[in-house]
Amino acid sequence: MASIVSPEELAQKRIFLVLATPGNIRQRNIDLIREISDLGYHTVVITANFPYSILSKLYGEQGIDMTKVSFIDAVTRNSIGNAEEIPGIVRFINNPANLTDLGIAVTEILKERSGQKVCILFDSISTLLIYLSSPNISKFIHFVTNKLRLMDISGIFLATEKGLDPMLMTQLTTFVDTVIDTG
Amino acid sequence: MTNREGPGCIEAGILENALAMIAVMDKSGTILAWNQAAEKITGYSKDEVIGKTTIWKKLYPKKGYRDTVTQRIATILTTKKYFENFETIITTRSGVSRIILWNTRESPNTSGSVIVTVGQDITRLRELDMFRDSVIENANVLIAVMESEGTIAVWNKAAEEITGYSRTEAVGSRAVWRHLYPDPEYRRTVTRQITEIISTKSYFTNFETRIRTKTGESRVISWNTRQIGKDSQQYAIAIGRDITEQKKAEEALLAYMTEMAMRIKQPVEIVRDNLEDIAQLIRNGKISPDEVAMLLDAQVRNTAQIASNVQEFQKAILEKNTDIPEAYRKFLEG
Chain R
1 MASIVSPEEL AQKRIFLVLA TPGNIRQRNI DLIREISDLG YHTVVITANF PYSILSKLYG
61 EQGIDMTKVS FIDAVTRNSI GNAEEIPGIV RFINNPANLT DLGIAVTEIL KERSGQKVCI
121 LFDSISTLLI YLSSPNISKF IHFVTNKLRL MDISGIFLAT EKGLDPMLMT QLTTFVDTVI
181 DTG
Chain L
1001 MTNREGPGCI EAGILENALA MIAVMDKSGT ILAWNQAAEK ITGYSKDEVI GKTTIWKKLY
1061 PKKGYRDTVT QRIATILTTK KYFENFETII TTRSGVSRII LWNTRESPNT SGSVIVTVGQ
1121 DITRLRELDM FRDSVIENAN VLIAVMESEG TIAVWNKAAE EITGYSRTEA VGSRAVWRHL
1181 YPDPEYRRTV TRQITEIIST KSYFTNFETR IRTKTGESRV ISWNTRQIGK DSQQYAIAIG
1241 RDITEQKKAE EALLAYMTEM AMRIKQPVEI VRDNLEDIAQ LIRNGKISPD EVAMLLDAQV
1301 RNTAQIASNV QEFQKAILEK NTDIPEAYRK FLEG
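Residue numbers (my numbering), protein chains in the order written: chain R, 1 to 183; chain L, 1001 to 1334.
The set of hints was computed from the structure by calculation and includes no laboratory data.
All values derive from a computational prediction rather than experimental measurement.
Accuracy of the hints is not assured; some may be wrong.
Listed below are the simulated DSSO-like cross-link pairs for lysine-lysine, each with C-alpha atoms no more than 30 Å apart in a straight line [as the list claims (entries may be wrong)]:
{"#": "1", "chain 1": "L", "residue 1": "LYS1062", "chain 2": "L", "residue 2": "LYS1081"}
{"#": "2", "chain 1": "R", "residue 1": "LYS162", "chain 2": "L", "residue 2": "LYS1315"}
{"#": "3", "chain 1": "L", "residue 1": "LYS1040", "chain 2": "L", "residue 2": "LYS1057"}
{"#": "4", "chain 1": "R", "residue 1": "LYS139", "chain 2": "L", "residue 2": "LYS1320"}
{"#": "5", "chain 1": "R", "residue 1": "LYS57", "chain 2": "L", "residue 2": "LYS1286"}
Quick look at which bits of chain L chain R covers, simulated, 3 or more residues with Cβ under 8 Å [stated by the list, open to error]:
{"#": "6", "segment": "1252-1261"}
{"#": "7", "segment": "1274-1287"}
{"#": "8", "segment": "1302-1310"}
The beta-carbon is built from N, C-alpha and C at its ideal position, and this holds for glycine as well.
Please work from the sequences and hints to get the whole structure.
Following this line, the structure appears as structure tokens:
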């Protein structure tokens, strides 16, 4: 199967916006992790949709090396109220709308992984729209993409296709290097 | 009427039955003839007027105004022996004011010469003029009447208010257009578009442009034009409606609708897809009851947030629309 993101572009520390249909988005997440892991990258998954415990199980079942994946989980604490962080594996954010905590977690985890081949996978912009207005999302993505560029790290933002209004889509397109519509 | 016989009878008949008031005077201002129209307009009969000079005092009872009229007549007569289209306001017998447009001619007579004065009652015409001017002046749309080449002839109050350029600044030249469209590129585009429209039809409707006011503000104007006047003197009347606020409201509504679609429709679809995934995971026996509960909890949180978003949108609608009926208002307030 052809790769979703090109290894060359990934090596150039490019930032991607990957679009998928709602029915395919979970599979795209898994496909991307596999691709990135196979290329020797450590993936930091920022999940606002499924909790870390479920995702790690799904990834494991798909044969993904879980030593190459860590998480920023914005779901678990929001659902069950409490969860213990596992250093190097998962950090929890109380609420997906808490962009300050999310920003701090991204900054800290990238510092921890400084010098490594790291890629951020953000799943997903669409889910974040439940909790945040599009201007706030736009500001946050701008903040994260700036951070990635400063730290010379690749990033992938997942979103459902046709789910973003033209204004937000235009803004996101200007923040990233490549938009890939996977269908 | 003068007592004339023979061929003069025809002239006398015309004079008598003319629709305009006609007064024939000798050099001293004594009335020699006073037709029916003069009687009708002024309310003074021939018997009261003929052979006397007193009628003018009656028609201009206020001394100040009478002196002004006399002075103006004297000024005109210093250069020529007649006057044309000289406008005065007379007071009729019943005390009503009428606007009369006077034209005089000196006419030869058996006893020397007489002055024939024709007075046209233009009161109604002037009232219509005033009404039209008032409509133009008080319309809440920008009205500009242009002569050929775009020179402004009329610039109403709304035009002053919308653009910030006064009548004095606008009328008599076309410079105001340059001020309203200061960007040469945009001005060229607008001019080209207007030319294209005008080439196929002599007017345009709902043509939108963005003007820059004197204070530097940007306003969106919807223009409608018509050609008026006849062959020799053509005018174009441009009516501009300031639709800036309407445009802002439309843009806000569009932004609101798209935001609503993104933050309600799509999230509901996400929750639906998540629930499908959860069902599949349960069927495949891949998750424990605790994990099922956690996943469902997450979807409960998502739906609670979506409900909160809907409430937020309803609140925004209520704030923006004060004319929503009370029953609906209460319902939307939840």
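Cross-check of the supplied hints:
For the hint pairing LYS1062/L with LYS1081/L, the CA-to-CA distance comes to about 26 Å; that is within 30 Å, so the pair holds. This hinted pair checks out: LYS162/R and LYS1315/L have alpha carbons roughly 27 Å apart, not beyond 30 Å. As the CA atoms of LYS1040/L and LYS1057/L are separated by approximately 18 Å, the hinted pair is consistent with the 30 Å bound. Between the alpha carbons of LYS139/R and LYS1320/L the distance comes to roughly 26 Å, so the proposed pair stays at or under 30 Å and holds.
Our distance criterion of 30 Å between C-alpha atoms is met by LYS57/R and LYS1286/L, whose separation comes to about 9 Å. With 4 residues having a Cβ less than 8 Å from any Cβ of chain R, the segment 1252-1261 of chain L passes the three-residue criterion, so the hint holds. Only residues whose C-beta sits within less than 8 Å of a C-beta in chain R count toward coverage, and the segment 1274-1287 of chain L has 5 of them, enough to reach three; the restraint holds. Restraint check on the segment 1302-1310 of chain L versus chain R: 4 residues with Cβ-Cβ distances below 8 Å, three needed, restraint holds.
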